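**Student:** Sequence:
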Amino acid sequence: MGRYCFTSAIEQGPNTVSNARNSWHLSGRTGYIAAATAALIGLTSPLVAPAQAFAPDLSSLAQQYMPASPLDELGRPTPETQDRVRAFAAQPWIPEDARNAILSSLTFLAGTGDGNGGVALPQGDNPYFRQFYWPTVSARCIGGTDAATGSAIAVPGPTQIPAPGAGEGETAFLFTALGTPPAAPDQGGMHVQWFNINTLQTGITPLHNNGINQDGPTTLSGTGHTGKGLVIAILSGSVNTTEARCDFAPTVAFLDVK
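Just so you know, we're using the working numbering here: the sequence shown kicks off at 1 and counts up by one.
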């Protein structure tokens with residue numbers, strides 16, 4: 001039996017950015033993780049060579065450094081993007097901790113690890129979902145020594161999964177901290193800040209413990225009243241496992257809510 005389980009929906013009103021609190025204050029000991037995550041953002045383009053003594057042709061640069069898509073339809077890096085990430089991580093000036101975080105994140109996101117790269121969705125007719133573009137990492141989250149990799153998806157409604165589900169014009173957000181123990185009952189530090197480009201509507205959706213993966217890993221979810229249209233979502237903040245509080249750097253998704 002899979003680890004994915006569901007509970008009844010919770011009522012949750014819309015939250016606006018104007019009254020939102022900033023939720024991605026990272027502790028000093030996780031600063032290098034933020035740098036590693038930022039590096040993954042930049043790696044959706046090829047590595048840029050050192051500047052030349054002459055002015056380059058900008059049209060040729062645009063063609064060279066702006067690939068059609070560095071990600072596949074599920075938001076996973078293409079083989080070419082994976083090669084660029086590995087090349088970046090191999091640079092001698094990259095700290096070993098950051099290099100390990102980058103390569104671990106790549107292994108997870110590309111699905112090339114030991115098969116424990118994420119929380120499996122139920123078998124059968126699964127809902128359309130959009131994976132956030134890169135995983136995020138929290139240092140010393142597991143047992144006070146090991147880093148945890150976080151993964152997130154967004155599921156436009158109407159859908160019953162993941163709990164608490166989402167109605168028409170809503171979006172369910174799900175975050176999992178891989179390798180961690182179960183989620184503590186008290187949550188509220190992990191949020192999704194979103195912006196609907198079509199309607200100009202904004203809001204913040206807090207993620208809570210809705211009974212998903214009760215035996216672990218820590219999994220939080222929430223429903224955002226995003227409305228229909230193209231939505232930009234930024235997930236960041238902290239989760240409370242039964243052992244520790246873990247801070248995660250931001251990750252981003254773009255999705256079409258129909």
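Simulated from the structure, these hints should not be mistaken for lab results. Predicted, not measured: the structure shown is a model, and the values here were computed from it. You may find that some hints are simply not true.
[Claimed, not checked] Derived DEER-like restraints, expressed as beta-carbon distance ranges: (1) GLU168 / ASP83: 40 to 50 angstroms; (2) GLU80 / ILE232: 38 to 48 angstroms; (3) ILE197 / THR242: 35 to 45 angstroms.
[To be verified] Simulated crosslink set (DMTMM-like; lysine to aspartate or glutamate; CA at most 25 angstroms straight-line): (4) LYS228 / ASP256; (5) LYS228 / GLU168; (6) LYS258 / GLU168.
Here a beta-carbon is modelled for each residue, glycine too, at the ideal position from N, C-alpha and C.
**Student:** Could you check the hint for me, namely that GLU168 and ASP83 are 40 to 50 angstroms apart, CB to CB?
**Tutor:** For ASP83 against GLU168, whose Cβ atoms are near 41 angstroms apart, the range 40 to 50 angstroms holds.
**Student:** When you take the CB atoms of GLU80 and ILE232, is the distance between them in 38 to 48 angstroms?
**Tutor:** violated (25 angstroms)
**Student:** Do ILE197 and THR242 keep their Cβ atoms within the hinted range of 35 to 45 angstroms?
**Tutor:** 39 angstroms Cβ-Cβ, so the 35 to 45 angstroms window holds.
**Student:** Regarding the pair LYS228 and GLU168, is the alpha-carbon distance no greater than 25 angstroms?
**Tutor:** holds (8 angstroms)
**Student:** What's the verdict on LYS228 and ASP256, does the C-alpha distance respect the 25 angstroms limit or exceed it?
**Tutor:** The hint holds at about 7 angstroms.
**Student:** Please verify whether LYS258 and GLU168 have alpha carbons no more than 25 angstroms apart.
**Tutor:** holds (8 angstroms)
Checked against the numbered hints above, the structure breaks only hint 2 and satisfies the rest.
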